[in-house]
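**Student:** Below, each chain spelled out in residue letters.
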Amino acid sequence: MTDEHPVDALRAYALGSLEAAARANVETHVAACAACAAQLRAYEGVVAALPLGLAPVPPPSEAWETIRASARETRAGGRKAQAKPRLAGWLRVTRWPAVAAGLAALLIWNVSLERELSRRAPGPAPGPEVEALSRRPGRIVILAGTGKPEASARLFVAVDGGGHLAVSGLAPLPRERTYQLWFVQTGSSAVNGATFRVDASGRAWVKVMVPASLDNVQAIAITEEPSPQNSAPTGKHLLDALPWK
Amino acid sequence: MRSGWPAGARLEGPADHDLLRRMQLGEESALETLYARYGGLVFTLALRIVGDPELAREVLQDTFLRSWDGRETYDPSRGRVPWWLMGIARNRAIDVLRSRPHRARLREQERPPSGTPGAEPADPGAADAVALRRAVAQALAGLSDTQREAIELAYYQGLTQAEIAGHLGQPLGTIKSRTRDAMERLRTLLEPLIETGGSESRRD
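Residue numbers (my numbering), protein chains in the order written: chain A, 1 to 245; chain B, 1001 to 1204.
Just chain A, same shape as in the assembly (with noise of 0.2 Å):
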């Protein structure tokens, strides 16, 4: 290995402790470098046995259960989704077609990520969130505000789970009153995603708990509630998705 390969990089790839940018640049040299992306699999194969060394817990037994209704649900959605398509795009984001592989991809998330936060979200962005999340392929899902036309959003999905919400557009709430995102899925009530406040700028970064299954979600949306947060939405729609494209 010469300098040109960016062994210590790729050690730390596996590991999943390298920065945003620093992991693209092992992306762009893996794609191009087959001796790196051999070099590469071997870390991450050492790395991924790792867990092996923990003392081995069971996991609840009830567990299963819950993953095979949820996976049936899913199917079932997934038929109704086809018979039916709404949102079809954003739908399509569950699939991860090319998303996973395609680099290009990766680095226009990237891109994306960083021009909206600095468009929307209040204050220094949250690093750590930022870059763990910008670290893995995703996408951009915009919300246009329906129930209030200068308001907007972006909400970022990471590939594997997990989601950051940048707002603009909003107006400040008082103490007993708070902003929602929600996910509406099909045949059952709507899941709450985050509970929000904005700043004075009318602007908010929250972390969003995305539902572990996107294929029956019919459709997303913030809403204004009652402060504590409710269970359903009962207030109008501020934003709603609009489809992927």
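If you are wondering where the hints come from, they were derived from the structure by calculation, not from laboratory data.
If you're wondering where the values come from, they're calculated on a predicted model, not measured in any experiment.
Where is the CB? At the ideal position from N, CA and C, for every residue including glycine.
Wrong hints could be hidden among the right ones.
[What the hints assert, rightly or not] In silico DMTMM-like cross-links for lysine to aspartate or glutamate, where the CA-CA straight-line distance does not exceed 25 Å:
{"hint": "1", "chain 1": "A", "residue 1": "Lys236", "chain 2": "A", "residue 2": "Glu150"}
{"hint": "2", "chain 1": "A", "residue 1": "Lys207", "chain 2": "A", "residue 2": "Glu224"}
{"hint": "3", "chain 1": "A", "residue 1": "Lys148", "chain 2": "A", "residue 2": "Glu224"}
{"hint": "4", "chain 1": "A", "residue 1": "Lys207", "chain 2": "B", "residue 2": "Glu1163"}
{"hint": "5", "chain 1": "B", "residue 1": "Lys1176", "chain 2": "A", "residue 2": "Glu19"}
{"hint": "6", "chain 1": "A", "residue 1": "Lys207", "chain 2": "B", "residue 2": "Glu1054"}
{"hint": "7", "chain 1": "B", "residue 1": "Lys1176", "chain 2": "A", "residue 2": "Glu27"}
{"hint": "8", "chain 1": "A", "residue 1": "Lys207", "chain 2": "A", "residue 2": "Glu150"}
{"hint": "9", "chain 1": "A", "residue 1": "Lys236", "chain 2": "A", "residue 2": "Asp199"}
{"hint": "10", "chain 1": "B", "residue 1": "Lys1176", "chain 2": "A", "residue 2": "Asp8"}
{"hint": "11", "chain 1": "A", "residue 1": "Lys148", "chain 2": "A", "residue 2": "Glu176"}
{"hint": "12", "chain 1": "A", "residue 1": "Lys207", "chain 2": "A", "residue 2": "Glu19"}
{"hint": "13", "chain 1": "B", "residue 1": "Lys1176", "chain 2": "B", "residue 2": "Asp1145"}
{"hint": "14", "chain 1": "B", "residue 1": "Lys1176", "chain 2": "B", "residue 2": "Glu1191"}
{"hint": "15", "chain 1": "A", "residue 1": "Lys148", "chain 2": "A", "residue 2": "Asp199"}
{"hint": "16", "chain 1": "B", "residue 1": "Lys1176", "chain 2": "A", "residue 2": "Glu4"}
{"hint": "17", "chain 1": "A", "residue 1": "Lys207", "chain 2": "A", "residue 2": "Glu176"}
{"hint": "18", "chain 1": "A", "residue 1": "Lys236", "chain 2": "A", "residue 2": "Glu176"}
[Claimed, not checked] Stretch-level coverage of chain B by chain A, calculated; a stretch enters the list once three of its residues show a Cβ under 8 Å from a Cβ in chain A:
{"hint": "19", "segment": "1035 to 1041"}
{"hint": "20", "segment": "1136 to 1144"}
[Unchecked claim] Partial pick of chain B residues on the chain A-facing surface, computed with a CB cut under 10 Å:
{"hint": "21", "residue": "Glu1028"}
{"hint": "22", "residue": "Leu1045"}
{"hint": "23", "residue": "Leu1060"}
{"hint": "24", "residue": "Met1086"}
{"hint": "25", "residue": "Ser1099"}
{"hint": "26", "residue": "Ala1150"}
{"hint": "27", "residue": "Tyr1156"}
{"hint": "28", "residue": "Ala1182"}
{"hint": "29", "residue": "Ile1194"}
Chain B: place on chain A using the hints.
**Tutor:** Just chain B now, kept in the frame of chain A:
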């Protein structure tokens, strides 16, 4: 156990990549087999990271649902099935750790250290898998404390190298050096036991 880890393991049951193919056809039983094979390890990893059984269960469930949702995108040329699963689980657990650090920290002191092999799982799989488990534990135990610390802060805490340096009050170069030495030692000891090259279908 016909997993993607032990080289030369005695093969029992369908290969991992066959399970993924069947999952892509919508076969729930393939997901169940995958869960039986790796559910315990995913839960163990999640518990190590988040430190709370309820949060670890969330990660476990999320991981297998995401493997179900993302089954069409698994690319065998980019790594083996367990690597893919562990990657999903690790990233999800780090997200949970960052979003709910207080709850996760409540159980932190109960965590057993890496390299301390505990009781074997109820269904440990083939002898080769058990041997690999022991080899990993021994390899980790063979690292110096500072090397193991660098590896654990990166993998189980999700810290970047710069963050590790800041956390420990050490120069960045020192952390890089510890990581390099630890990774090379682990690779030397474990690579012969792990199938890291070629495609998954090689084992057909």
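**Student:** When the hints from earlier in the document are held up against this structure, which numbers fail?
**Tutor:** none
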